[in-house]
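Chemist: Let's have the full structure, built from the sequences with the hints guiding it.
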Amino acid sequence: EAAVTQSPRNKVTVTGGNVTLSCRQTNSHNYMYWYRQDTGHGLRLIHYSYGAGNLQIGDVPDGYKATRTTQEDFFLLLELASPSQTSLYFCASSDAWTGGSYEQYFGPGTRLTVL
Amino acid sequence: AQKVTQTQTSISVVEKTTVTMDCVYETRDSSYFLFWYKQTASGEIVFLIRQDSYKKENATVGHYSLNFQKPKSSIGLIITATQIEDSAVYFCAMREGTGGYKVVFGSGTRLLVSP
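Keeping their order, the protein sequence lines are chains F and H. Per the working numbering, the first sequence starts with residue 31, numbered consecutively. Per the working numbering, the second sequence starts with residue 13, numbered consecutively.
Read the hints as simulated data drawn from the structure, not as lab findings. One or more hints might be untrue.
Claimed, not checked - Listed below are the simulated DSS-like cross-link pairs for lysine-lysine, each with C-alpha atoms no more than 27 angstroms apart in a straight line:
1. H:K68 <-> H:K15
2. H:K15 <-> F:K95
3. H:K15 <-> H:K114
4. F:K95 <-> H:K114
5. H:K15 <-> H:K28
6. H:K82 <-> H:K15
This structure is a prediction, so every number in the text was calculated from the model and none was measured.
Modeler: Here it is, written out as structure tokens:
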């Protein structure tokens, strides 16, 4: 069974604070994604990666950095957190090779509150 | 740019009936993949079903099926014999077939199934 874990599950920080959200997948998948979920907007893509050292920009990247250190680990960094970044963050992984299944496997989410 | 639109924000049905959820997409690619995901009340997001753009036959998995209308850029999700546990938020998503492997989601449709 594919597995994606996220930590922390909940985080409260203050405006201007630094936050790192972690994601680990044990699926041996090439692709990893960070989304934020807000009421009325569904899941919006922040950043994604197709392997260690690679980073692709999503649709709502402003205020976020990301780094893929290994095939398993993908981090989302908020260096100067703002209240507008209060949201539920999901990490996902998928296999993108020909013949592989393309669906995404999601982590349980991290709820971030910026005061 | 690729885009996915779900105009139905919520639907209420009675148990054991059939429901259809709408989704339209925009893409310039001739090859793409369409997905439906379910988010349960606990927040868990799980993959339901997928349609590859080059396949004419509508995908079916259990009591989920798709109504793929390529000329209309439409991919509806049909749930037959609905059950209480089908109550959830359903997301439509698309991955273009060439370059990037970016996956974008619609805003979701909340389904409430009542006895």
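Chemist: Flag every earlier hint the structure violates by its number, smallest first.
Modeler: As far as the earlier hints go, only 5 is violated by this structure.
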